[in-house]
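Participant: Once you've looked at the hints, dock chain H against the given chain L.
Top line first, the protein sequences correspond to chains L and H. Counting from 1, one number per residue, gives the positions in the first sequence under the working numbering. Counting from 1001, one number per residue, gives the positions in the second sequence under the working numbering.
Do not rely on the hints blindly, as some may be mistaken.
As the list claims (entries may be wrong) - Partner residues aside, some chain L positions facing chain H, computed with beta carbon under 8 angstroms:
#1 L578
#2 L706
#3 G707
#4 V725
#5 V750
In short, the hints are calculated from the structure, not lab data. On a predicted model such as this, the values are computed, not experimentally measured, just so you know. Built from N, CA and C at the ideal position, the CB exists for glycine as well.
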Amino acid sequence: MTDDVLLTILIVLPFVGSLLAATFRPNARNSEAWLAGGVALICLFLLIFAYPSLVEREVLRSEAEWIPALGLGFSLRLDGFAWMFALLVTGIGFLVVLYARYYMSPNDPVPRFFSFLLAFMGSMLGIVIAGNLIILLFFWELTSIFSFLLIGYWNHTAGARDGARMALVVTGFGGVALLAGVVLIGQIVGSYDLDQVLASGEAIRSHALYLPALVLILLGTLTKSAQFPFHFWLPNAMAAPTPVSALLHSATMVKAGVFLLTRLWPVMAGTPEWFWLLGLAGMAALVLGAFFAIFQHDLKGLLAYSTISHLGLITMLLSLGSPLGAVAAIFHMMNHATFKASLFMAAGIIDHETGTRDMRKLGGLFHYMPVTATLAMVASAAMAGVPLLNGFLSKEMFFAEAIETHVHSLLDTSQPYVAVIASTFAVTYSLRFIHSVFFGARPRDLAREPHEPPFWMRVPSMFLVLACLVVGIFPAATIGPYLLTAVQSVLGDRTPVFSLAIWHGFNLPLIMSAVALVAGALLYLALRNYLQHSPVGPPVLRHLNGRHLFERGVILLSLKWSRAAEMASSTHRLQPQLRILLLAAALAALVPFATGTLGLRWPTASDLDPALALVWLAGAACAIGAAYQAKYHRLVALVLLGGAGLATCITFAWFSAPDLALTQLLVEVVTTILILLGLRWLPKRFEEIRTDENPLRRRLRRSRDLGIAVAVGAGMATLAYAVMVLPVPETVGSYFLERAYTEGGGRNVVNVILVDFRGFDTLGEITVLAAVALTIFALLRRFRPAPDNVGSPLQQRRQNAFDEAEPDRKAGDTLGDYLLVPSVIMKWLFPVIIVLAIYLFLRGHDLPGGGFAAGITLATAFILQYLASGTIWVEDRLRILPVNWIGLSLLLAAMTGMASWLFGYPFLTSYSQYVDIPLIGSVPAATAMVFDLGVFGLVVGATVLMLIALAHQSVRNLRASRTTTAQAVREES
Amino acid sequence: MALLLATCIGILAGSGVWLLLRPRTFQVVIGLSLCALAVNLFIFSMGRLRSGAPPVLASTSGTLADYADPVPQALVLTAIVIGFATTALLLVVLLAARGLTGTDHVDGQER
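This is chain L alone, in the form it adopts within the complex:
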């Protein structure tokens, strides 16, 4: 099997398994376990199978192209250290799967569990065998995400949700820092490839960016490995199902941090910064973790703090910068994984059998489950560092290293004492774990009678404990060669001579071990009674609760500070916001004058055309009048707005823009109808003088606004004039003029630009139009008018009252009479306007017209019918379905664009030709016309939808009031 195949299977198989696992039935515990266990076993055997060639060639590699432009390859790399870790991941992974088969209840939805577990396994393998720091980081983040999902597996409990979130926030924060650190390393080395990074240790350590890179990488690794002061997420992650705690939060994921530190050890260790930062963090975690562990009452809580402490030990060993320290660190990673995973399994079994994990309630379980108790005792002894077990060996190595002097400093001198104190604590909590659970008074008021778990549930734990024993008794014969391979792959030429033996003679480390064992036992005896009744956490320090600090921090950051920042920088009131926006826009307009790109010159009015001047005299008066009247006389203001619009329309026509004039005129019509429809829902406003505001303040406010308005107006006029008198530069316009006919097949250049040259923009614009129309439609479906607008308007009520008073009239007659002549004309105009719309559409490519103008025209035809005869009358006779118009037209426009793909051209390439039609003659035909048809239909649909949705409100309201009246009548009778 080639390296490529091997490494690819290692990475891909767990993820494939994960996808497959997600498809099983919710209670398929057996098949899930077969699948997941099978995947883990295959990976495990592949690794064992690969070992000989690994020893022979040192590193197995696989390279695949990923983003060549950035110099990033998808490279995988398996060396001795990675092999050992991968073995741990798959081996313990397999045991945990087996254990989980019995641990998970039939009520738990297991596909989710096993799917996440497999995906985690794949991600962890990815970290381990990544040959490139970016890839490593990618899988690093994946493990954080799957850890989040697995901690939150029982998402109906608040503890699981909070713990999951906390873990994600802390490790996610670390991931960002790590990314930054890795990028710095990449900048220093010039590559992210692990081989190249490992080869440039000297360059990294002497670089100016070494310290920032180190700090960032430490932030990433210390958060992941739950080191002080980021340790608090780990105890809260114990809300996860126990198999998850065993695999992720003791054996593998939390070791990713120290794994990366070991990976980078050859290139980053050995500096004072490394020693101090890592040494302090490690020592704090070692001592505090062990101390806190004593005072936990939850079995898993004790194990979590113990894990923090042991990871601190590894961190401290790595901080020393001595090769023997690194050997001890690697060895302890393996040892810790074996005994801690087995202890977690024991804790899970106890929880499973008794229904509680509180050590104060437990006791005397040896009587009920002797096998489990024996297994837990052996593992626990390994954790305490009792001779003949693997934990003892690495702890002795640690003591030996602690005695050595590495960097002359207080930190170094204190290490032996700290080591003994921490070991004492470790002995105490290990004893407590065993004694309070398996011995002493038998438990009372348990939910059920405890007994031994199923045989296969004990097997994983049994296997791990056996490993502890075998390694502990015959270290050199069992783990020796593999450890050497792993150490050599990290240290290379600096690999020291180390001997794995139980007996090194009477030396200082042995005495330290003995002291710790005795002191720890005495400490437990002293604390025993206190621990039975104490609250959770050590005295005094229990108030230093990392979880509370974290939660308060989160609230401070995401709620209080963000709200304060929002209050300080903005306002909930729209009026001042609009003012600020306008002032900012006005200031921006000054930039071209300030930078001198636009000069000011004295205006000349030489070529003034009196006719247009007259038009604008009226237009300007309309604009000012609209501004003046908009508060009290809305209808007048609306009419005046129309006047200003007409002046604009004439201006377009005057200055050679017939298309614009046409569109502006039509839009004026629909805008007026739209706002007229809106008027119905606004409150009455009487011309009264407001008394609650200080008149002086009011005048000041209005003067300020007037000032802004005049300034903006004057500025806009100046800017427009300054540009208009400049000579015409060479613009892109000539390009379109030259090619509109030859390449677009149309003479109306504006239309050709819209539907051909810039067709993609137009497609975007009609999409916006469709979105706006649908938004309006959706908003109005939930429209609730203000109470004073609910009934019929005053005029309607008066007319109806008049009609009802007369014996020969019925309601609505007055309105009908009043609009008789206009409505007849409007009805008869219907076909005429339709023909006009078709005409405008068809001529659009060659003459003023086109989809936009034609669309609004047709929409107007529909609206006129509504105006003439009322909503109900029209809708009884005509079904318009504007939403269908919008959807089909958008589809048509997009499909026209896509059709050019069939001929091998880019999106929206148009084709034009003249077609001879009998009788009519030669007619221009371009695919752009089809696109324009889409524009046309969409404009029809959108305009009609907007206007009709608004018009329907009155009818809906009427219906509603009718039903309430009917109900009232029924209730009375």
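Facilitator: For chain H alone, kept in the frame of chain L given last:
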């Protein structure tokens, strides 16, 4: 002619801005429409003012010497239609806000 049009753009923009700063929703809607007119004219005028030269080709090809610049016209044409749509959206949002808050003050409450 440039002076006339520039002045008119200024008057439209000034009236529109005055209304945008007013507290009533209807005033803001009218103000926005006036501003839209001013801005459309402004963009259009960037192509310079010429009479009697619409960009409708008489032969198979043309130059800027004979025809008005079509690009600002194309820009403004879609702007007019989109302007109508946004006015409609603003109007409906303000109507809905009036229904919810009971006031037609833009801040959602009387001061």
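Participant: Each hint: holds or not?
Facilitator: Right, here's what the structure says about each hint:
no. : hint : verdict
1   : L578 : holds, 6 angstroms
2   : L706 : holds, 7 angstroms
3   : G707 : violated, 10 angstroms
4   : V725 : holds, 6 angstroms
5   : V750 : holds, 5 angstroms
The structure is inconsistent with hint 3 alone, although it conforms to all the rest.
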